[in-house]
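Take a look at the letters that make up each chain.
There are 2 protein chains.
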Amino acid sequence: MTTNELEIVQSTSKKDKPSQDQVPFGTIFTDHMFTMEYEAGKGWFEPKIVPYAPLTLDPAAMIFHYGQTVFEGLKAYRTEEGRVLLFRPEKNFERLNLSSERLSIPPIDENVVLEYLTKLIELEKDWVPSTAGTSLYIRPFIISTEANLAVAPSKTYKFMIIMSPVGSYFTGGLKPVTIHVEDQFTRAVKGGTGMAKTAGNYSSGYQAQANAKKLGNADVLWLDGVEKKYIEEVGSMNIFFKINGEVVTPALNGSILKGITRMSIIELLGTWGIEVNEKKISIDEIYQAFQDGLIEEVFGTGTAAVISPVGELNWQGKKMIINNHEIGELSQKLYDTITGIQTGKVEDTMGWTVEVK
Amino acid sequence: MTTNELEIVQSTSKKDKPSQDQVPFGTIFTDHMFTMEYEAGKGWFEPKIVPYAPLTLDPAAMIFHYGQTVFEGLKAYRTEEGRVLLFRPEKNFERLNLSSERLSIPPIDENVVLEYLTKLIELEKDWVPSTAGTSLYIRPFIISTEANLAVAPSKTYKFMIIMSPVGSYFTGGLKPVTIHVEDQFTRAVKGGTGMAKTAGNYSSGYQAQANAKKLGNADVLWLDGVEKKYIEEVGSMNIFFKINGEVVTPALNGSILKGITRMSIIELLGTWGIEVNEKKISIDEIYQAFQDGLIEEVFGTGTAAVISPVGELNWQGKKMIINNHEIGELSQKLYDTITGIQTGKVEDTMGWTVEVK
Ligand SMILES: Cc1ncc(COP(=O)(O)O)c(C=O)c1O
Ligand SMILES: Cc1ncc(COP(=O)(O)O)c(C=O)c1O
Numbered sequence: 001m002t003t004n005e006l007e008i009v010q011s012t013s014k015k016d017k018p019s020q021d022q023v024p025f026g027t028i029f030t031d032h033m034f035t036m037e038y039e040a041g042k043g044w045f046e047p048k049i050v051p052y053a054p055l056t057l058d059p060a061a062m063i064f065h066y067g068q069t070v071f072e073g074l075k076a077y078r079t080e081e082g083r084v085l086l087f088r089p090e091k092n093f094e095r096l097n098l099s100s101e102r103l104s105i106p107p108i109d110e111n112v113v114l115e116y117l118t119k120l121i122e123l124e125k126d127w128v129p130s131t132a133g134t135s136l137y138i139r140p141f142i143i144s145t146e147a148n149l150a151v152a153p154s155k156t157y158k159f160m161i162i163m164s165p166v167g168s169y170f171t172g173g174l175k176p177v178t179i180h181v182e183d184q185f186t187r188a189v190k191g192g193t194g195m196a197k198t199a200g201n202y203s204s205g206y207q208a209q210a211n212a213k214k215l216g217n218a219d220v221l222w223l224d225g226v227e228k229k230y231i232e233e234v235g236s237m238n239i240f241f242k243i244n245g246e247v248v249t250p251a252l253n254g255s256i257l258k259g260i261t262r263m264s265i266i267e268l269l270g271t272w273g274i275e276v277n278e279k280k281i282s283i284d285e286i287y288q289a290f291q292d293g294l295i296e297e298v299f300g301t302g303t304a305a306v307i308s309p310v311g312e313l314n315w316q317g318k319k320m321i322i323n324n325h326e327i328g329e330l331s332q333k334l335y336d337t338i339t340g341i342q343t344g345k346v347e348d349t350m351g352w353t354v355e356v357k
Numbered sequence: 001m002t003t004n005e006l007e008i009v010q011s012t013s014k015k016d017k018p019s020q021d022q023v024p025f026g027t028i029f030t031d032h033m034f035t036m037e038y039e040a041g042k043g044w045f046e047p048k049i050v051p052y053a054p055l056t057l058d059p060a061a062m063i064f065h066y067g068q069t070v071f072e073g074l075k076a077y078r079t080e081e082g083r084v085l086l087f088r089p090e091k092n093f094e095r096l097n098l099s100s101e102r103l104s105i106p107p108i109d110e111n112v113v114l115e116y117l118t119k120l121i122e123l124e125k126d127w128v129p130s131t132a133g134t135s136l137y138i139r140p141f142i143i144s145t146e147a148n149l150a151v152a153p154s155k156t157y158k159f160m161i162i163m164s165p166v167g168s169y170f171t172g173g174l175k176p177v178t179i180h181v182e183d184q185f186t187r188a189v190k191g192g193t194g195m196a197k198t199a200g201n202y203s204s205g206y207q208a209q210a211n212a213k214k215l216g217n218a219d220v221l222w223l224d225g226v227e228k229k230y231i232e233e234v235g236s237m238n239i240f241f242k243i244n245g246e247v248v249t250p251a252l253n254g255s256i257l258k259g260i261t262r263m264s265i266i267e268l269l270g271t272w273g274i275e276v277n278e279k280k281i282s283i284d285e286i287y288q289a290f291q292d293g294l295i296e297e298v299f300g301t302g303t304a305a306v307i308s309p310v311g312e313l314n315w316q317g318k319k320m321i322i323n324n325h326e327i328g329e330l331s332q333k334l335y336d337t338i339t340g341i342q343t344g345k346v347e348d349t350m351g352w353t354v355e356v357k
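For the protein sequence lines, the chains are A and B, in the order given.
Counted the way full-length UniProt numbering counts, the first sequence spans residues 1 to 357.
Counted the way full-length UniProt numbering counts, the second sequence spans residues 1 to 357.
Take these hints with a grain of salt, some might be off.
What the hints assert, rightly or not - Across the chosen pairs, the derived CB separations fall in these ranges:
| # | chain 1 | residue 1 | chain 2 | residue 2 | range |
| --- | --- | --- | --- | --- | --- |
| 1 | A | Gly41 | B | Ile321 | 35 to 43 Å |
| 2 | B | Asp109 | A | Met350 | 54 to 62 Å |
| 3 | A | Lys279 | B | Glu46 | 52 to 60 Å |
| 4 | B | Leu215 | A | Leu294 | 49 to 57 Å |
| 5 | B | Pro24 | A | Lys279 | 47 to 55 Å |
Unchecked claim - Derived DSS-like pairs: lysine-lysine, alpha-carbon spacing no greater than 30 Å straight-line:
| # | chain 1 | residue 1 | chain 2 | residue 2 |
| --- | --- | --- | --- | --- |
| 6 | A | Lys214 | B | Lys155 |
| 7 | A | Lys258 | B | Lys279 |
| 8 | A | Lys214 | B | Lys42 |
| 9 | A | Lys14 | B | Lys17 |
| 10 | B | Lys258 | A | Lys190 |
| 11 | A | Lys228 | B | Lys258 |
| 12 | B | Lys155 | A | Lys15 |
| 13 | B | Lys42 | A | Lys258 |
| 14 | B | Lys214 | A | Lys42 |
| 15 | A | Lys190 | B | Lys280 |
| 16 | B | Lys190 | A | Lys213 |
| 17 | B | Lys279 | A | Lys190 |
| 18 | B | Lys17 | B | Lys357 |
| 19 | A | Lys190 | A | Lys280 |
| 20 | B | Lys228 | A | Lys229 |
| 21 | B | Lys155 | A | Lys175 |
| 22 | B | Lys119 | B | Lys14 |
| 23 | A | Lys175 | A | Lys91 |
| 24 | B | Lys155 | A | Lys17 |
| 25 | A | Lys333 | A | Lys319 |
| 26 | A | Lys190 | B | Lys190 |
| 27 | A | Lys175 | A | Lys319 |
| 28 | B | Lys214 | A | Lys155 |
| 29 | A | Lys279 | B | Lys228 |
| 30 | A | Lys214 | B | Lys190 |
| 31 | A | Lys155 | A | Lys119 |
| 32 | B | Lys17 | A | Lys228 |
| 33 | A | Lys155 | B | Lys17 |
Because the hints were derived from the structure by calculation, they are not lab data.
Even for Gly, the Cβ is constructed at its ideal location relative to N, Cα and C.
Next up, chain A with everything else stripped away, as it sits in the complex (with noise of 0.2 Å):
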């Protein structure tokens, strides 16, 4: 891999920031961009800081043709004191490397990446937000470049980070979320993208989302492509279910990706003396459960909200409501206690934030 030093063309103007109350997401982008080049035989070069600029590109570009595209979606906080830090970014650019190599795409030097970032978000400091619940939204993204209408690998790819400040995703604290259990459309399979964030893999939701909307849902819960009967995740967002006393959450298994906040809930709740057990989650098998009163709490958990309570789920016209619609005592401890660490009002024990000086 070629990485050549760090070139920023700083933008002789700025932008004016949306007020904090009512930023829309992700369609105000900071003023600066990193991009970063690929040439096969060459390996990555070209890192740049540069002001944020409509791309140029070939309309027979591969990534408007075959797909070959990964992305990564994560946020930084400012605390109170006015520090600002990034919740566990490496997690971040080790899946976008695994998300990568389902791809076909040559993987990115990490932690060379992450020093980019670091940079990036120095100079756009005064774009994250202080409001509560605000944060600035990042999105690193790999798209394939060749002008070749060949079905095969790109020789060329570019790298860019984005980033747009973005509002609080709950506006007056947590709300419970009605959900569709999807048991027509698929979102992914064994063997397929799943466990990958590429673009392919969501729009190919949209006719789904819009059916779950139109019956009054939030969002859609996928079920396993194989059998439609194994409980996935939600669109964007990994699932948890409090059964009986006991946390569960479907077992990574390759058609679902590998959240961090997912990850990040796993291991604080162990450290609380709560097991979390992964494992194959059959639909039946909940609607049982609600029909014997033993479903206490659902939430999804995703970068986007954290913990998003659910409060209904809707499954072939029956409704399962979930601890009378009200928020669970265990999603709000853990929502305050990531958002308290992502802050800085909570103590980081873990070691999951990295300050930006």
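Starting from the known structure of chain A, fit chain B with the ligands onto it as the hints suggest.
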């Protein structure tokens, strides 16, 4: 749907055309391209033929993140008298709309777009090569362009058509290929996007293809994602078997592409009094037929090669040599007839060709 007048901006300079004997696939493009825009609430607008040029897109454009995109592939052929023919182009735009529906992309007006394509080819007529086996490859595609990181359908799209002269798929006549039957990786599954021509379906096959090539195979034959038992299709081809006098091909089950070559072969064989049995075909059944000496021919079908005879199938270490690695009689006759119709050498009694004046 808004459709305005087609605007044509002629290129001021013409590119050199490649030598007809050495045209690399998909890397040389004609002088012009077609573009059209979409905005929610406004429909498709601004149809334009403009000089072939790079695209400028925001780094947050949805195509780079969530893979909401569809494409098509068809060809223009030159007859001996110099006429230019398209082969069932209306079927490609029909399928484009089917793909778009699966990806939550708004439909195009198939007839109007076919007229635009015809205009584009008229302008680029000199680019349609004439040597045996060559053609002008046509790539219509739609990309999502909204700059927004929300995981939801885009509110803006760009439809484009680019064209590339392509050489003969088989230099020196048909040649049987060796194919690996893939039993680990999955291309598509019921409820997924397998029946759509969308980017993510292609790069997800690169790992399997690389493994197959290492073992000396030209391509991969995919099995179903659920049981890894039923035959689906090859990378960019549908597949047919002639077993003990009967022609069979996997039924359209939602996870394979509805190939236009496949459809044409079924219709053509019908006029020859040969019925094609479209059904679920297990790989065990094929292996059994092979052991019983009943497999007469195997061939892939698609726009690229039209007919690609299969000389060898490798499945779990078992080698099935088909027809002594030789081209089957039916394969050759289908190839000659369809390429004959496409290039005006065989009378088009099916009404499949559309002449571009
Ligand atoms: C499909 C999918 N599952 C789960 C997650 C949660 O992962 P993480 O906790 O790393 O954000 C995400 C979002 O990143 C996702 O896209
Ligand atoms: C996955 C797949 N299957 C089959 C085909 C063959 O379809 P057609 O005969 O329309 O070219 C193609 C190529 O277009 C393809 O991409």
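Evaluated hints:
Range check, Gly41 (chain A) to Ile321 (chain B): Cβ separation about 37 Å, and the 35 to 43 Å hint holds. At about 57 Å, the beta-carbon gap between Asp109 (chain B) and Met350 (chain A) stays in the expected band of 54 to 62 Å. Between Lys279 (chain A) and Glu46 (chain B) the C-beta distance comes to about 54 Å, which sits within the given range of 52 to 60 Å. Against the hinted window of 49 to 57 Å, the Cβ-Cβ separation of Leu215 (chain B) and Leu294 (chain A) comes to about 50 Å, which satisfies the hint.
For Pro24 (chain B) and Lys279 (chain A), the Cβ-Cβ distance of about 51 Å falls inside the hinted range of 47 to 55 Å, so the restraint holds. With a C-alpha separation of about 18 Å, the suggested pairing of Lys214 (chain A) with Lys155 (chain B) holds against the 30 Å cut-off. For the hint linking Lys258 (chain A) to Lys279 (chain B), the alpha-carbon distance of about 38 Å lies beyond 30 Å, and the restraint is violated. The straight-line distance between the Cα atoms of Lys214 (chain A) and Lys42 (chain B) is roughly 23 Å, inside the 30 Å bound, and the hint therefore holds.
Of the pairs offered as hints, the one joining Lys14 (chain A) and Lys17 (chain B) is violated, with about 46 Å between alpha carbons and a cut-off of 30 Å exceeded. Of the supplied pair hints, the one linking Lys258 (chain B) and Lys190 (chain A) holds, its CA atoms being roughly 24 Å apart against a limit of 30 Å. For the given pair, Lys228 (chain A) sits about 25 Å from Lys258 (chain B) by alpha-carbon distance, which is consistent with the 30 Å threshold. At roughly 24 Å between alpha-carbon atoms, Lys155 (chain B) and Lys15 (chain A) fall within 30 Å of each other, so this suggested pair holds.
With a CA separation close to 40 Å, the supplied pair Lys42 (chain B) and Lys258 (chain A) exceeds the 30 Å bound. Restraint check: the Cα-Cα separation between Lys214 (chain B) and Lys42 (chain A) comes to about 23 Å, which is no more than 30 Å; the hinted pair holds. The suggested pairing of Lys190 (chain A) with Lys280 (chain B) holds, with an alpha-carbon distance near 21 Å, which does not exceed 30 Å. Our distance criterion of 30 Å between C-alpha atoms is met by Lys190 (chain B) and Lys213 (chain A), whose separation comes to about 22 Å.
A hinted pair counts as satisfied when its Cα atoms are at most 30 Å apart, and Lys279 (chain B) with Lys190 (chain A) qualifies at roughly 24 Å. Between Lys17 (chain B) and Lys357 (chain B) the alpha-carbon distance is near 21 Å, which keeps this suggested pair within the 30 Å criterion. Straight-line distance between C-alpha atoms of Lys190 (chain A) and Lys280 (chain A) comes to about 14 Å, which keeps the hinted pair within the 30 Å bound. Under the criterion of a C-alpha separation no larger than 30 Å, the hint pairing Lys228 (chain B) with Lys229 (chain A) is consistent with the structure, at around 18 Å.
Straight-line distance between C-alpha atoms of Lys155 (chain B) and Lys175 (chain A) comes to about 28 Å, which keeps the hinted pair within the 30 Å bound. Annotation: proposed proximity of Lys119 (chain B) to Lys14 (chain B) holds, straight-line Cα distance about 18 Å (limit 30 Å). For the hint linking Lys175 (chain A) to Lys91 (chain A), the alpha-carbon distance of about 28 Å falls within 30 Å, and the restraint holds. Pair hint Lys155 (chain B) plus Lys17 (chain A) holds up; C-alpha atoms about 24 Å apart against a cutoff of 30 Å.
Between Lys333 (chain A) and Lys319 (chain A) the alpha-carbon distance is near 26 Å, which keeps this suggested pair within the 30 Å criterion. With a C-alpha separation of about 13 Å, the suggested pairing of Lys190 (chain A) with Lys190 (chain B) holds against the 30 Å cut-off. Only pairs whose Cα atoms come within 30 Å are accepted, and Lys175 (chain A) paired with Lys319 (chain A) is accepted, the gap being roughly 18 Å. Proposed proximity of Lys214 (chain B) and Lys155 (chain A) is supported: the alpha carbons are some 18 Å apart, at most 30 Å.
In summary, the hint linking Lys279 (chain A) to Lys228 (chain B) is supported, as the alpha carbons are separated by about 23 Å, within the 30 Å threshold. Our distance criterion of 30 Å between C-alpha atoms is met by Lys214 (chain A) and Lys190 (chain B), whose separation comes to about 23 Å. In summary, the hint linking Lys155 (chain A) to Lys119 (chain A) is supported, as the alpha carbons are separated by about 28 Å, within the 30 Å threshold. Between Lys17 (chain B) and Lys228 (chain A) the CA atoms are separated by roughly 52 Å; this puts the pair beyond 30 Å, and the hint is violated.
Distance check on the hinted pair: Lys155 (chain A) and Lys17 (chain B) sit about 24 Å apart at the alpha-carbon level, within 30 Å; holds.
In this structure, the hints that do not hold are numbers 7, 9, 13 and 32, in rising order.
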